[in-house]
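A.B. asks: Chain by chain, the residues:
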Amino acid sequence: MSWVLAVDPLPWARAQMAFTLATHIILVPLGVSWACMALIANYRAIKKHDADALLLAQRWSKYMAVTFAVGAVTGTVLTFEFGLLWPHFMGKFGDAFGIPFTIEGLFFFLEAIFIAIYIYGWKRLKPWPHFWTGVPIVIAGIGGTVSVVAANAWMNQPAGFTLNSAGEVVDVEPLKVIFNAAMPLQSLHMLIAAYLVGGFMIASVYAGGMLRGRRDRYHRLGFLIAFTVAAIATPIQMFVGDELARWVYNNEPTKFAAIELVPTTADDVPETLFGHLNDDGTVSGGIEIPGLASILSDPTEGTSTPIQGLDSFPANERPTTRQVNTVHLAWDLMVGLGTMLFLLSLWYAAAWVFRRNFPQTKWFLWPAALAGVAAVVAMEAGWVVTEVGRQPWIVVDYMKVKQAATGNTGVWVTFVAIVALYIGVAITLMLVLRTMSRRFRAQGDEVELDGPYGPRDPSPIAPTSKDVAQVGAQDD
Amino acid sequence: MADTIAVVLMFGVTAYALFGGADFGAGFWDLIAGGAQRGARPRSVIGHAIGPVWEANHVWLIFVLVVLWTGFSEAFASIALTLFVPLSLAALGIVLRGSSFAFRKEVTRLSSQRNFGAAFASSSVLVPYCMGAVAGAIASGRVPAGGKAGDPWSSWINPTSILGGVLAVVVCAFLSAVYLVWDARRLDDDDMVEYFRRRAVVASMVAGAVAAAGVYVLYEDARYVFDGLTSRALPLVIISAVCGLGSLWLLMRQAHRGARLLAMGAVASVVVGWGVAQWPYILPESLKVSAAAAPDPTLVTILIVFVVAAIVILPSLGLLYVLDQKSLVESDAASADA
Ligand code: HDD
Ligand code: HEM
Ligand code: HEM
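Just so you know, the protein sequences line up as chains G and H, in that order.
All residue numbers for the first sequence refer to our numbering, where the first residue is 227 and numbers rise by one.
All residue numbers for the second sequence refer to our numbering, where the first residue is 3 and numbers rise by one.
Be aware that a few hints might be false.
Claimed, not checked - Below 35 Å or equal to it, Euclidean Cα-Cα: the simulated DSBU-like pairs (lysine-lysine) are:
#	chain 1	residue 1	chain 2	residue 2
1	G	Lys274	H	Lys150
2	H	Lys290	G	Lys628
3	G	Lys274	G	Lys402
4	G	Lys274	G	Lys588
5	H	Lys290	G	Lys626
6	H	Lys150	G	Lys628
7	G	Lys273	G	Lys588
8	G	Lys402	H	Lys290
9	G	Lys628	G	Lys402
10	G	Lys349	G	Lys273
11	H	Lys150	H	Lys290
12	G	Lys274	G	Lys349
13	H	Lys150	G	Lys402
14	G	Lys626	G	Lys402
15	G	Lys273	G	Lys352
Stated by the list, open to error - Far from chain H, some chain G residues (derived; all Cβ distances over 12 Å):
#	residue
16	Asp276
17	Phe340
18	Tyr444
19	Asn504
20	Ile513
21	Met566
22	Leu569
23	Arg581
24	Val603
Treat the hints as calculated values from the structure; they're not laboratory data.
Backbone N, C-alpha and C define an ideal beta-carbon position, used for all residues, glycine too.
Model the full assembly from the supplied sequences, consistent with the hints where possible.
C.D. replies: Dropping the structure here:
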C-alpha cells in the first residue's frame with residue numbers, strides 16, 4: 227500500500243483490537259443475561275397472571291433484538307480482525323486457538339435462532355412452549371461466554387499442543403486446549419460479570435425512571451428483577467475474583483507483580499492504592515496498606531508471603547513501565563468499583579431482610595442509577611488487567627505481539643474508519659433505544675410486536691395498529 | 003480427514019451464499035427501488051422477508067471464517083494478509099448493514115428510516131462485491147502460500163476478482179428476487195409478485211450473461227480453475243446451467259415454487275463447482291488442502307462440532323423457518339377476519 231502513508235501497523239493494530247473488543251464487550255452482558263431476566267419476568271407473568279411482568283418481558287425482548295444485532299455485527303468485526311490484524315498468530319496457532327471458537331460458533335447459531343423464535347413466539351405459541359423457547363438463549367449465552375473466554379485463557383496459559391522443530395503446531399489435544407489451566411476461573415469470573423453488569427445496566431435505567439417520578443408497579447418490577455440478579459451476582463463475583471487473584475499470583479507472576487505494583491521481590495508487601503511506578507523502579511504516590519498484598523496472596527502465610535518483583539523477569543518479557551501503571555490503575559478501578567457495588571448490594575439485601583422491600587429513597591436510587599456505568603467500567607478495567615498484563619506476549623512464552631502483527635501499513639486507516647463508524651452506531655443505538663422507550667410509554671400498556679424479528683403485519687402496506695390491538699387483547 | 007473438513011467448509015460457503023446471499027440481494031433491490039413514495043411497497047416486502055432470519059443466516063459467515071482459521075490456518079493467514087483491503091471493507095459494510103437494518107425497523111420517522119435504509123442498501127451491494135472479489139483472488143491464484151502477503155491491490159483488482167464481485171452481486175440479486183416473489187405471494191400482494199417476478203427474470207438473464215462472459219475471463223486469467231470447470235467440475239456447471247434455465251422458464255410460466263428450488267440449485271452448484279474446480283488446492287497451485295490442514299485432532303473436533311450442529315442447529319433452523327412462514331399465513335387469516 228505504497229501510496230498510503232507507511233505507518234508502523236503495530237500500535238494501530240493494538241489500538242484497533244482494544245477498541246473493538248472494548249465495544250463488543252459492552253453489548254455482551256446484555257446478550258448473555260438479558261434473556262434470563264426476561265424469562266424471569268415471563269415466568270412470573272404466566273404463573274401469577276401478572277400483566278406488568280408480561281409487558282416487561284415483551285418489551286425487553288424487543289430491546290434485546292436491537293442490542294443483539296449490534297452485538298452480532300461487532301462480534302463479526304472481531305472475527306475478521308483476528309486475521310486482518312494478527313495473521314501470523316492465526317497462521318501459527320489457529321489450529322489450537324481456533325478450537326474453542328468452533329464450539330462458540332455452535333452457541334452463536336443457537337442464540338441467533340432462538341432469539342428470533344422467542345420474539346416470534348409471542349404471537350404464535352402457547353405461553354409455556356413459548357417460555358421454553360427462551361431457555362436455549364440463556365444456555366447459549368453461557369456456553370458462548372465460557373468458550374470465548376477459554377480462548378482468551380489459552381493465550382494466558384497455552385496448553386494442549388507441541389511445536390515441532392519447524393515451529394509448527396503438532397499433537398493438538400483439543401480438551402487440553404479448551405480446559406487450559408486459566409480457563410475455569412477466568413470463564414466463571416466473566417460469566418458472573420455478564421450477569422452482574424447486565425443486571426446493573428438494566429436496573430440503572432429503571433432507577434433513573436423512578437428518580438424522575440415514574441414509580442408505578444411496572445418500573446418497580448423492572449428494577450426489582452434486574453437489581454436482584456445483579457445483587458446476587460456481586461458477592462459471588464468478589465469471591466471468584468479473590469480466587470482468581472490467588473491463581474494469578476501462583477501462575478502468572480509477571481502479571482501479578484504489575485497488578486500489585488511490586489518492583490523488586492519482597493515479603494510483607496503493602497497493598498498500594500493508586501500510585502505509580504517510575505522508570506528507575508521506584509514507586510511513588512499512592513496510599514499503602516502495610517502487608518495487605520502479601521496477606522491476600524496467601525492468607526495462611528500472612529505477611530511473610532513473598533511476591534516476585536518485576537525485576538525478576540527480563541525486561542523484554544514483562545510489561546513496560548507504562549503498561550504496569552495501566553494495569554495497576556485498572557486493577558484499582560475494578561476492585562474499587564466492585565467493592566462499592568458490593569456495598570450497594572448489601573444495602574439492598576439488608577432492606578429486604580429488615581423491611582421486606584427495597585429502599586426507594588433517592589439516597590439509594592441515585593447510586594443505583596449510576597451502578598450500570600460503574601459495572602461496565604469495572605468489567606472493562608478487568609479486561610485491561612488481563613490483556614495489558616499479558617504484554618508483551620500474545621501467547622505467553624510462545625509468541626510476542628509484534629511477531630503476530632500484520633505488515634499492512636494501512637491499519638491506521640481502518641482504525642480511524644472503525645472508530646468513526648462505531649461512534650456513529652453507538653450514538654444511533656442510544657437514540658433508537660430512547661425512541662423505543664418513548665414510544666412504549668406513549669402506548670401505555672399496549673404491546674406492539676414488529677421489531678427486527680417481529681412477526682409480519684398482515685399486509686405489507688397496511689399500518690400495524692390493528693395488529694397491535696389484537697395482540698393487546700390476547701395478552702391476558 | 004482434511005478432505006472431509008474441506009467439504010464442511012464448502013457446505014458453509016454454500017449455505018452462506020444461499021441464505022446470507024439472498025439477504026444481501028434483497029438490499030440490492032431495496033437500493034434501486036426508487037424514491038420514498040414509489041419504493042415503499044417493494045421495500046416493505048423486503049423488510050418483511052429478511053427481517054426475522056437474517057441473524058441466523060449471517061452466522062454461516064462466522065462458521066466459514068472459524069472453520070477456515072481453525073482447519074486451514076495457513077491459508078487463512080495468507081488470505082487475510084493479502085486481501086486486507088476488501089476484507090476490511092466487507093467488515094465495515096457488515097456493521098453498517100446489520101445495524102442500519104435493525105435501526106430502520108425501529109424508527110418510525112420517515113426521514114431517518116430513509117437514511118438507515120440507504121446505508122443498509124448500499125452496504126448490501128458493497129459486501130457481496132468484496133466477498134466475490136476475494137473469491138476471485140483465491141481462484142486466480144493470487145494469494146500465495148506460507149502466510150505471506152500477495153500484492154495488496156492487484157490481488158483483488160483484476161479480471162477474475164471483478165468477475166467474482168459482479169457475479170456475486172448479480173447472483174444475490176437473482177436469488178433474492180426469486181425468494182421475494184414467493185414472499186410477496188404469501189403476503190397476497192399480486193402487484194408485488196409481478197414486480198419481483200419481472201426483476202427475477204431480468205436478473206437471471208444478467209447472471210447468465212455474466213457467467214458466460216466469465217468463462218472467457220477464467221480462460222484468460224485463471225487457467226487452473228478454468229481447466230477444472232471444464233473437466234472435473236463440468237457436470238456441476240451443466241447442472242447449474244440447466245437449473246438456471248429451468249428456473250427462468252418456470253418464472254416465465256409463473257410456477258414460483260419450482261423456480262425457487264431451481265434457483266437455489268443453480269447457485270449451489272456454481273459454488274460447489276468452484277470448489278471442485280480448484281481441487282486439490284485451497285489456494286490454487288500454491289497450497290494444497292492436505293498441506294494447509296491442521297493436525298487431525300483439531301479436524302476431528304471441527305467434524306464433531308459440525309455433526310452436533312447438524313443434529314441440533316438444522317432442526318432449530320427448520321423450526322424458525324416454519325414459524326417464519328406460518329406467521330405470515332396466520333397473519334393473513336387474521337387480517338381476513340378483521
Ligand atoms: C463487573 C465486573 C468485575 C468485578 C466487580 C470484578 N471483576 Fe475481576 N475481572 C472482570 C470483571 C470484574 C472481567 C472483566 O470479567 C475480567 C477480565 C478477564 C476475565 O476473565 O475477567 C477480570 C479479571 C480479573 C483478574 C485477572 C485474571 C487474569 O488475567 O487471568 C483478576 C486477578 C481479577 N479479575 C480479580 C478480581 C477481584 C479480586 C475482584 C474483587 C474484589 C474483582 N476481580 C471484581
Ligand atoms: C475472549 C476474549 C478476548 C480475546 C480472545 C482477546 C484477544 C486479544 C488479542 C489477540 C490481542 C492482541 C495482542 C495483544 O496486544 O496482546 C488483544 C489485545 C487487547 N485486548 Fe483483548 N481479547 C479478548 C477480550 C478483550 C476484552 C473484552 C477487552 C476489553 C476491554 C480486551 C482488551 C484488550 C486490550 C486493551 C488489548 C491491547 C493490549 C496492548 O496491546 O497493550 N480484550 N486481545
Ligand atoms: C475476541 C474475542 C471475540 C470474538 C472473536 C467474538 C466474536 C463474536 C461474533 C462473531 C459474534 C456474532 C455472532 C452472531 O452473529 O450472532 C459475537 C457475538 C457475541 N459475542 Fe463475541 N466475540 C469475542 C469476545 C466476546 C467475549 C469476551 C464474549 C463474552 C464473554 C462474547 C460474547 C458474545 C455474545 C454473547 C454474542 C452474541 C451477541 C449478543 O448477544 O450481543 N464475545 N461475538
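A.B. asks: Each of the hints needs a verdict: does it hold here or not?
C.D. replies: Results of checking the hints against the structure:
1. G:Lys274 - H:Lys150: violated, 63 Å
2. H:Lys290 - G:Lys628: holds, 29 Å
3. G:Lys274 - G:Lys402: Not satisfied, since the Cα-Cα distance of roughly 47 Å exceeds 35 Å.
4. G:Lys274 - G:Lys588: holds, 30 Å
5. H:Lys290 - G:Lys626: holds, 29 Å
6. H:Lys150 - G:Lys628: holds, 16 Å
7. G:Lys273 - G:Lys588: holds, 32 Å
8. G:Lys402 - H:Lys290: holds, 28 Å
9. G:Lys628 - G:Lys402: With a Cα-Cα distance of about 26 Å, the restraint between Lys628 of chain G and Lys402 of chain G holds, given a limit of 35 Å.
10. G:Lys349 - G:Lys273: holds, 19 Å
11. H:Lys150 - H:Lys290: holds, 15 Å
12. G:Lys274 - G:Lys349: holds, 20 Å
13. H:Lys150 - G:Lys402: The given pair, whose Cα atoms are some 30 Å apart, holds under the 35 Å limit.
14. G:Lys626 - G:Lys402: With a Cα-Cα distance of about 22 Å, the restraint between Lys626 of chain G and Lys402 of chain G holds, given a limit of 35 Å.
15. G:Lys273 - G:Lys352: OK: Lys273 of chain G and Lys352 of chain G at ~14 Å, within 35 Å.
16. Asp276: holds, 26 Å
17. Phe340: Nearest chain H Cβ is 7 Å from Phe340 of chain G, so the label is violated.
18. Tyr444: At roughly 21 Å from the nearest Cβ of chain H, Tyr444 of chain G sits farther out than 12 Å, so the non-interface label holds.
19. Asn504: holds, 39 Å
20. Ile513: holds, 43 Å
21. Met566: holds, 33 Å
22. Leu569: The claim stands: Leu569 of chain G keeps its Cβ more than 12 Å from every Cβ of chain H (closest is about 37 Å).
23. Arg581: Non-interface label on Arg581 of chain G holds, nearest chain H Cβ at 40 Å vs cutoff 12 Å.
24. Val603: About 24 Å separates Val603 of chain G from the closest Cβ of chain H, which puts it past 12 Å; holds.
Of the numbered hints stated above, those contradicted by the structure are hints 1, 3 and 17, listed in ascending order.
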